[in-house]
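One letter stands for each residue in the lines below.
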Amino acid sequence: MKLYRSHILLAIDEASKLAGVVEFKDIFEQKLIEYNLSDEIKILESGPLGPLGSGICLSIFPENTVYYNLKTDDIDLIIKEHLIKGRPIKKLIYNREAVERYNYNYSNRIVLDNSGLIDPENIDEYLAVGGYEAWEKALTQLKPNDVIEEVKQSGLRGRGGAGFPTGLKWSFTAAIDVQDKLIVVNADEGEPGTFKDRLIMEGDPHKLLEGVMLAAYAVGAHEAYVYIRGEYKLCINRIRKAIEQCLEYGILGENIFDTGYNLVIKIKIGAGAYVCGEETALIESMEGYRGTPRSKPPFPGVKGAWQRPTVVNNVETLSNIPFIIKNGADAFKKHGPEESTGTKVYTILGDVAFPGLCEVDMGVTLREIIDNYGGGMKQDKKFKAALVGGAAGVFIPESLLDVKMDYASLKEYSAVLGSGAILVIGDDFSMVEMLYSVIRFFRHESCGKCSPCSKGTHELFMMINRIRNGIGKKEDLDKMLLLADTMKHTAFCALGQSLIMPIQSALDNYKDEFLAIMKE
Amino acid sequence: MYEKIFSKYTPERENLIYILHDIQDNHPQNYISEEAVAAVGKYLRVAPAHIYGVLTFYTMFSTKPRGKNIIRLCESPPCFLKGSDKIIAKLRELLNIRVGETTGDELFTLETCACLGVCGNAPVMMINEDVYGDLTEEIVTVIINKLKGEKL
Numbered sequence: 001m002k003l004y005r006s007h008i009l010l011a012i013d014e015a016s017k018l019a020g021v022v023e024f025k026d027i028f029e030q031k032l033i034e035y036n037l038s039d040e041i042k043i044l045e046s047g048p049l050g051p052l053g054s055g056i057c058l059s060i061f062p063e064n065t066v067y068y069n070l071k072t073d074d075i076d077l078i079i080k081e082h083l084i085k086g087r088p089i090k091k092l093i094y095n096r097e098a099v100e101r102y103n104y105n106y107s108n109r110i111v112l113d114n115s116g117l118i119d120p121e122n123i124d125e126y127l128a129v130g131g132y133e134a135w136e137k138a139l140t141q142l143k144p145n146d147v148i149e150e151v152k153q154s155g156l157r158g159r160g161g162a163g164f165p166t167g168l169k170w171s172f173t174a175a176i177d178v179q180d181k182l183i184v185v186n187a188d189e190g191e192p193g194t195f196k197d198r199l200i201m202e203g204d205p206h207k208l209l210e211g212v213m214l215a216a217y218a219v220g221a222h223e224a225y226v227y228i229r230g231e232y233k234l235c236i237n238r239i240r241k242a243i244e245q246c247l248e249y250g251i252l253g254e255n256i257f258d259t260g261y262n263l264v265i266k267i268k269i270g271a272g273a274y275v276c277g278e279e280t281a282l283i284e285s286m287e288g289y290r291g292t293p294r295s296k297p298p299f300p301g302v303k304g305a306w307q308r309p310t311v312v313n314n315v316e317t318l319s320n321i322p323f324i325i326k327n328g329a330d331a332f333k334k335h336g337p338e339e340s341t342g343t344k345v346y347t348i349l350g351d352v353a354f355p356g357l358c359e360v361d362m363g364v365t366l367r368e369i370i371d372n373y374g375g376g377m378k379q380d381k382k383f384k385a386a387l388v389g390g391a392a393g394v395f396i397p398e399s400l401l402d403v404k405m406d407y408a409s410l411k412e413y414s415a416v417l418g419s420g421a422i423l424v425i426g427d428d429f430s431m432v433e434m435l436y437s438v439i440r441f442f443r444h445e446s447c448g449k450c451s452p453c454s455k456g457t458h459e460l461f462m463m464i465n466r467i468r469n470g471i472g473k474k475e476d477l478d479k480m481l482l483l484a485d486t487m488k489h490t491a492f493c494a495l496g497q498s499l500i501m502p503i504q505s506a507l508d509n510y511k512d513e514f515l516a517i518m519k520e
Numbered sequence: 001m002y003e004k005i006f007s008k009y010t011p012e013r014e015n016l017i018y019i020l021h022d023i024q025d026n027h028p029q030n031y032i033s034e035e036a037v038a039a040v041g042k043y044l045r046v047a048p049a050h051i052y053g054v055l056t057f058y059t060m061f062s063t064k065p066r067g068k069n070i071i072r073l074c075e076s077p078p079c080f081l082k083g084s085d086k087i088i089a090k091l092r093e094l095l096n097i098r099v100g101e102t103t104g105d106e107l108f109t110l111e112t113c114a115c116l117g118v119c120g121n122a123p124v125m126m127i128n129e130d131v132y133g134d135l136t137e138e139i140v141t142v143i144i145n146k147l148k149g150e151k152l
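If you read the sequences in order, they're chains R and B. Under my numbering, the first residue of the first sequence is numbered 1, with each subsequent residue one higher. Under my numbering, the first residue of the second sequence is numbered 1, with each subsequent residue one higher.
Don't read these hints as lab results, they were simulated from the structure. Note that the Cβ used here is the ideal one computed from N, Cα and C, for glycine as well. Wrong hints could be hidden among the right ones.
[Said to hold, decoys possible] Derived DSS-like pairs: lysine-lysine, alpha-carbon spacing no greater than 27 Å straight-line:
#1 B:LYS4 - R:LYS71
#2 R:LYS17 - R:LYS152
#3 R:LYS17 - B:LYS68
#4 R:LYS404 - R:LYS378
#5 R:LYS241 - B:LYS8
[As the list claims (entries may be wrong)] If we take Cβ atoms under 10 Å as the criterion, some of the chain B residues that face chain R in the derived model are:
#6 TYR2
#7 PHE6
#8 TYR31
#9 TYR43
#10 ARG72
#11 PRO78
#12 LEU116
With the rest of the complex left out, here is chain B:
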């Protein structure tokens, strides 16, 4: 099932990060499974342990199934100064999960991340590919409710 992805890359170690990005983006649960690691290992002739080394090093990859919407809230100093801790508390309350967890309906995963480079709009979060800035507790409530509504 990964052949289609592999065909885009030559079997060289330097393509490992691209392949992992590609597999994760195409997985409905936004993560890289054990089975995928084995397949990549075979294709690149790299031991699965090495692949896990890379996988767990970079914050953009996950080895656990994640929700449809991955919320990544920046907690670097510029966002912290503008109250990112209040936002994270609000998100935890709204979703009823802790950082790193996924909601029961598999709709949301809550993560924190380092600077996203949009500090002019701090505090900032990314939901999947989209950036949301100038966050307040009210704004995140609206955003989350809107995304919850999409399911219905």
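So here's chain R without its partners, still in its complex pose:
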């Protein structure tokens, strides 16, 4: 293997592509040849590096200097100053504090431990960091039931929002004695403010595939689907490439590792519908129908896609599995409190100093996440609320900022972890407007299958619109709560049932704002 003096990790994701990273890379490579450095320095494509919303971003190893917001004009400077003379260019360095925070955070990661460090399009790099060891261990040393037991022991719960214990979910399907079981990966990430699954798939697609393989082996499935939303073009390409590489290496396909076990993984592409994140709606969509939810029971684990027993798991959930099998349930349980083991990936957005992502142990307080990983509030802004868990989440006021982020603690405040989105709202933004935006989103995404949701979201939208335009009445607030509560009890799926959460929490904590706008 050829040795290089320096490696440059170039973040290629939706955000940097937007800034023209592809062209940037071509020019950089050309310049390296011109400076006669192409034998010493190698540019690697990598996943997102952490700093978000910062244009083209790269990190130079071994010193790990992160430069951001780069233009093609900066290439000469980087080569001359940094690569030849060894002098970091101060004005281009990403806020040191933010980088340190991000690096400090690396050691404690399970899901994103490789993201930004390896080339996601090269299976060898994943193998070099111990990739597919868990898969080999499972196939050659463990029985399917051992895998399920280990996952049960780990206490891993679904990361898609509902938080159902993963091992238990698998055991239902494993117990059914048929040959045509299915694994489906729910990568139809549509919850506003959430893009953790995109980052996982863009940064470390092989980890997800390894998780899929382990899940398939555990329940006895020989076919798996990754359902990716149509907008995530880069994810689709990277997962497709990763599957091809696995087939080439004999990690997937027929008679894997000479054990006689066969597995194929296929990709399904969505067409833009939030409700398809609901597992039965996703299955309908996979079959080529309108993505509306099915009635449960029968649960997908018993009768899912094409009436075959189907395990549907979220991307983040499955990306935890390789770690659990490789290092054991006890290593996993070291992270987080008893009831909610492991780590969680959060996306921190809105009026914070550094919007971005982080992966931390369950049970860390919301305040810590916002202050340590989001860098606190943006200058000149004060904290008003955080919408936690996506649109179907809860507005958390300042007085509750010390809430621990885990399933049990959040439940005490009728809040949910949801998808892990944390949208921080500054004091200058009206909560009436915010709630209006949330309800508008639900009205648009209600699928139309059941009346409580399709009529309810529309009616709520009309009410909030009246309030927003200053012609609402005090009684409207009670009516909104009553209607949302009715939807909670009568709507067909979680979409309609969960609208009570943002409405209730907004009215409980910020009622004055709603009343003030009426007086005007």
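Once you've looked at the hints, dock chain B against the given chain R.
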């Protein structure tokens, strides 16, 4: 005229969404015509009414002819917080159309959409396959003018 597309897929219901994606992407006006629906129905042995059911359900499909550049602006809460409503007002002013409409020269169609998953750069819009983020009224003016110029 759709045979070439059909030949890539087996005539099974589960391929319907792929086929529709493919037909739409290859149509110069970015939509799925009545005639296309009939052809797909014949190929998959599915009633046209069912195909329309699917077609109108998913936001990525259109049954009306659209412009060369399809602008999809995210209006979910994270983008809303960062001022997506101002951006949509600006786009409407620049293009002189409402949301859901196409300009007279068939160059632009303006749509809104749900979260695109690039919230670190809110507000965000997609024009065809490309994502544009950190939008301001000035930036969208530049982008639109640039795209208008391409016609000349």
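Holds or violated: LYS404 of chain R to LYS378 of chain R, with C-alpha atoms at most 27 Å apart: Cα-Cα ~23 Å, so holds.
Chain R contact restraint on TYR31 of chain B - CB to CB distance below 10 Å: 14 Å, violated
Interface restraint verdict for PRO78 of chain B against chain R (beta-carbon cut-off 10 Å): 4 Å, holds
Satisfaction of the TYR43 of chain B interface hint, Cβ to chain R closer than 10 Å: Not OK, violated: TYR43 of chain B not within 10 Å of chain R, min 13 Å.
Holds or violated: LYS17 of chain R to LYS152 of chain R, with C-alpha atoms at most 27 Å apart: 40 Å, violated
Hint check: 10 Å Cβ-Cβ cutoff, TYR2 of chain B to chain R: With Cβ-Cβ at 17 Å, over 10 Å, it is violated.
Hint status (Cβ of PHE6 of chain B to nearest Cβ of chain R, threshold 10 Å): 15 Å, violated
Minimum beta-carbon distance criterion (10 Å), ARG72 of chain B to chain R: At about 9 Å, which falls below the 10 Å cut-off, the nearest Cβ of chain R leaves the hint on ARG72 of chain B intact, so it holds.
LYS4 of chain B paired with LYS71 of chain R [C-alpha distance capped at 27 Å]: Violated, because 42 Å separates the two Cα atoms, which is more than 27 Å.
Pair hint LYS241 of chain R and LYS8 of chain B, alpha-carbon separation not exceeding 27 Å: 19 Å, holds
LEU116 of chain B as an interface hint toward chain R, with CB separation required under 10 Å: Holds, about 6 Å.
Given hint LYS68 of chain B paired with LYS17 of chain R - CA-CA distance at most 27 Å: Within the cut-off at roughly 22 Å; holds.
In summary, the structure is inconsistent with hints 1, 2, 6, 7, 8 and 9 from the numbered list given earlier, while agreeing with the others.
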